[in-house]
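Protein chains: 2
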Amino acid sequence: MLFNCCRHNRRLADAIRFLSADAIEKSKSGHPGMPLGMADVATVLFTKFIKINPEDAGWFDRDRFVLSAGHGSMLLYSLLYLLGYKDITIDDIKNFRQLGSKTAGHPEYGHLAGIDMTTGPLGQGISSAVGMALAERILNARFGDKLCNHYTYVINGDGCLMEGISEEAISLAGHLRLNKLIVFWDNNDITIDGHVSAANSTDQIKRFQACGWNTISIDGHNPCQIECAIKKAQKSKKPTLIACKTKIGFGAPTKCGTSKCHGSPLGAEEVAAMRKNLKWDYAPFEIPEDVLAAWRKAGERSRPLYENWKKEAKAAGKSFTDIIQNKLPKNWDKELNKLKQDAIAQKTKVATRKASEMCLEKIVSHVPEIIGGSADLAASNLTFVKGMKTVTKDDYRGNNIMYGIREHAMAALMNGMALHGGIIPYGGTFFVFSDYMRPAMRLSALMKLRVIYVLTHDSIGVGEDGPTHQPVEHLASYRAMPGILTFRPCDVVETAEAWQLAVESEHEPSILALSRQNLPLLRTSASENLSARGAYVIAGDSKKRRLTILASGSEVSLAVEAMEKLKEKGISAAVVSMPCWELFEKQPAKYREEVLGMAPRIAVEAASSFGWHKYVGDKGRIIALDGFGASGPADKLYQHFGITVAAVMKAAGELLKNK
Amino acid sequence: MLFNCCRHNRRLADAIRFLSADAIEKSKSGHPGMPLGMADVATVLFTKFIKINPEDAGWFDRDRFVLSAGHGSMLLYSLLYLLGYKDITIDDIKNFRQLGSKTAGHPEYGHLAGIDMTTGPLGQGISSAVGMALAERILNARFGDKLCNHYTYVINGDGCLMEGISEEAISLAGHLRLNKLIVFWDNNDITIDGHVSAANSTDQIKRFQACGWNTISIDGHNPCQIECAIKKAQKSKKPTLIACKTKIGFGAPTKCGTSKCHGSPLGAEEVAAMRKNLKWDYAPFEIPEDVLAAWRKAGERSRPLYENWKKEAKAAGKSFTDIIQNKLPKNWDKELNKLKQDAIAQKTKVATRKASEMCLEKIVSHVPEIIGGSADLAASNLTFVKGMKTVTKDDYRGNNIMYGIREHAMAALMNGMALHGGIIPYGGTFFVFSDYMRPAMRLSALMKLRVIYVLTHDSIGVGEDGPTHQPVEHLASYRAMPGILTFRPCDVVETAEAWQLAVESEHEPSILALSRQNLPLLRTSASENLSARGAYVIAGDSKKRRLTILASGSEVSLAVEAMEKLKEKGISAAVVSMPCWELFEKQPAKYREEVLGMAPRIAVEAASSFGWHKYVGDKGRIIALDGFGASGPADKLYQHFGITVAAVMKAAGELLKNK
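Chains as they are written, first to last, in our numbering: chain V, 29 to 687; chain W, 29 to 687.
FYI, nobody ran anything at the bench for these hints, they're computed from the structure.
Computed from a predicted model, the values in this text were never measured in an experiment.
Among these hints, one or two may not hold up.
Any copy, or any two copies together, can satisfy a pair, since identical chains are not distinguished.
Straight-line Cα separation of at most 27 Å, BS3-like style, residue types lysine-lysine; simulated pairs [said to hold, decoys possible]:
| id | residue 1 | residue 2 |
| --- | --- | --- |
| 1 | Lys346 | Lys76 |
| 2 | Lys260 | Lys614 |
| 3 | Lys338 | Lys618 |
| 4 | Lys288 | Lys417 |
| 5 | Lys476 | Lys304 |
| 6 | Lys259 | Lys417 |
| 7 | Lys421 | Lys288 |
Only chain V is shown next, with the shape it has when bound in the complex (with noise of 0.2 Å):
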């Protein structure tokens, strides 16, 4: 070869460059700014440093890589491609964004082997990765470097830096001192409505300084600074922050440096100037073989470091092997079990929350993946239970993390644990809060992660601390998001049961929504997970109704206690308690319409009736609260806003008398 160093170096950049613009322009849609401005930075990191194997894109110590700037997706398709990954073809490259093709339009995860995460909302990269970092981490300390012992690689633009869950995210870092994390600041000075400065002028290595991480700044252009710079960066005791200053779009000749390239096709004219201008002689889509080859070779060069892991992992046995497979010990869940028949003999009457603390302390000691934490509200989520130990910089063997008041960056973190594998994260914080961090929950949806949500004090039985800590909409909001479990349980034996689901929900997040208050036992026997069923007659008599009384969580006991007045009255009625409305959903028809019954219906839930007409159906009656709260004590609130036994009694008078 004839090229030095440098020039080798920005031939293969190129390659990424005319793909990235070649399959932007055949597309008629795309972000071209960023791949051929970070093509340098991502040619020095794939070819000299990343630890990964083509073959096995799922390689649990591999370098894990997060495309923050989701945007720039072309950029991480034109790697998979150039470095021999087999789930990806030149075809995929040129049916970029269309229908059904693996090259969606941003980064999605399951879609294409060697996508470590979806990426697109601003913030959740860089946050994940951080939760990536973590993860690698800990398992570092449990199973030791020849197991586990990876960097987190991570490119981002103005545009995740800008966004708040970084800063939770960066401040995480810094204090937990991950410093097997480094970010790549695509320092470009450009966003969509024009140069950074219009909107920020904040000094981003002063901002990563303070947040206790090593920085270092370079031109994102020249491939000796990038390789110094990863150098150092490995060594840090910090995690590290290299502010690369490029230019957007480079190479393309009028639109480089401009917002102009960065959301748009730069067009076949001035695509045509580019190959002048790099002296790219090749049609669209070809790579000349010699770049190719050194591509190719590039991807093979942690064959022998991937060999000898799998010679470790071997070694090391189930124990270590069932971890990264995502299987739970057997019979995990046996003491949760012995729990539910406890809690029936002893008629435990127990917030559902305080009921969440019982399992989880059953699960915590029996499932070692199980990491939890809260968003500093440890003491009133209940998450920080017996026998747990909190994580440090200096100690990573713990199983509890302490998110500080960050609820955005924890659920971005527990999507990264869960995304790197080897953890099953829970996180705890109010339900009303769970706003805060929604985006990053419709992430664990839309990846269809294993990540269990535990959010307490979930309706107006919060109490005193007032309308914005009651949640109102909050589970009609999560009923409506595709992909995720809302559990809503009504008793000991119910949070048991949702435990026991979201654990072994493998593809999908939950919600557990648990009251503040105490609730009494409902459930008589436990020999069926009925939650799995999402709906079931919990009490009354099904066949004779007269009656049915739809409810769930806090809401349940009040549903009982008017059927039994109603009996009182000589009216049979039944209670149908709901805690999982999706998988109530995916029931066979004949059962979904064996639990509602034929008999009027009453819904009965303190929060928003949204949704409920679908169950009620057009002749039933809601019961609810579609305001919001109030501060004072919860059963003022309750007689306040109607949620009462004496509204379903009037509600059940005047459908039986309409009858």
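Let chain V serve as the given structure and place chain W on it in line with the hints.
Just chain W now, kept in the frame of chain V:
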């Protein structure tokens, strides 16, 4: 008086301490730590600096005060009582946290004069305060020092600083050099779960400096240092952070300095010991005469400034007083009405985001109160229209704000601007990213603020960007949220109507969910604002219909197309456009019944079916999208997900057959 300056301040501060501790004790619920810790700072601020008039709590040119750490509400209630606000009595203090009381668990805007903002959800207060400070500068630039020239003060704790939203807002405040913003950080080293250092090691001083702030560190219990710091801050050319080293629960002998006094009553014994410790020989809720007199005198400090301002305001005349009284200019929407007529005449076919831009051009030129912006998507949201000028740190005489990639801060700043008064804020981003600002949107609704959310790219119509960019559950999630109007207009006329309603909606925020793709003009008349009714028959034969098709936004034209096809087959149908469910729900039952009709119903919406059962009824059909979207051209996605005329025809066939 025998007290020297410091002892005098301490005695006034102790009045806050005991009102707080005793009220929390009586209500058996509340957060004493912060009021006790920050009483000295608050006393200096409110007796020596703050410009207010307890007789006119809403004085436009008063200094604003935001208790961002809203759980310390008793600090604020104590201050308002001591300063002599008429709206609060000692009985209100005694009724702390009781149902219906003005002294709610957290400060609730509108419950009690003198509360400048509802706080409690952490990070919101400091971020909205940035909006207040920005509003002040914008109106100062317009009206001059004599009419608008005041400070915005904030008290926040570590929680607010750890929340990501605060970084977005702090960064914006520094960028816009809002030097009349002064933030007191209650640097007490304690959070709910224990010592701050367990979850955070960020150097806050350095972080604020990186964001372009002036910083001062003081002993928060030393009145001289506090006074000196405020004086310096007032002269700064940058926003100022005053880091106040304090002891949480100052004065409580055993719990002071620990998380035990953060969120629970101190207990009778501790309060008694605190009385001894601070030499406070008065009964609960008793304030010694000299102390009360000193406080009341402090409340009158700014009277001369107030009287002077009244004169100036009168002299300024209607153009000023209308603005501060939220009176829109006469005939402000005349050109909007013309725009509707023109659109009908020309059958204008544009995306509703484009229609929104056309409306904005007419609005912005007639309503100076309107201040717009976008979170770095101006060119996509079409929120920056002809004649607008961007606000910069060097020139606040603009009406466009470049928020950067900071959706959450944008929403919070808008809340702050609306609270400040004199401004009607709107802000744009993609509908899907409204998730990022949901906690602030909830506060817009709870505080009943006129804030307008321009949310474009409202469905799978987004196309190639894929599921991370395609809202699915968002319509349902806002329809379920109390107190916010969710508009999804179908054409230019409905878009103009939505804008009219949003601008005139003085006590309710609005969402405008707008299409990326072009939509045909459907309305044939604009003589009445039909969107004001929430839903109405837009096409077809209302009386002879055998079928009703319900739709919103981009699917209304699809419904009309289906209706026409049905007509060809001799089946009479009507199409109901439902641009705003919330307004429809406010209509008389008779109107609602007439619109929905007795014929079988089909709903079609390119979003979650969640919530639609209410309108289609037990026998109706819903053509919707209950999973996530996908990446691909928009028209192909509609086909792929079956949101098509054919699907409506099929459902119609089945429904009519069943009949």
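Hint by hint, here is what the structure shows:
| no. | hint | result |
| --- | --- | --- |
| 1 | Lys346 x Lys76 | neither (33 Å within a copy, 70 Å between copies) |
| 2 | Lys260 x Lys614 | neither (52 Å within a copy, 64 Å between copies) |
| 3 | Lys338 x Lys618 | neither (49 Å within a copy, 72 Å between copies) |
| 4 | Lys288 x Lys417 | between (51 Å within a copy, 21 Å between copies) |
| 5 | Lys476 x Lys304 | neither (44 Å within a copy, 59 Å between copies) |
| 6 | Lys259 x Lys417 | neither (33 Å within a copy, 47 Å between copies) |
| 7 | Lys421 x Lys288 | between (43 Å within a copy, 26 Å between copies) |
Hint compliance for this structure: hints 1, 2, 3, 5 and 6 are broken, all remaining hints hold.
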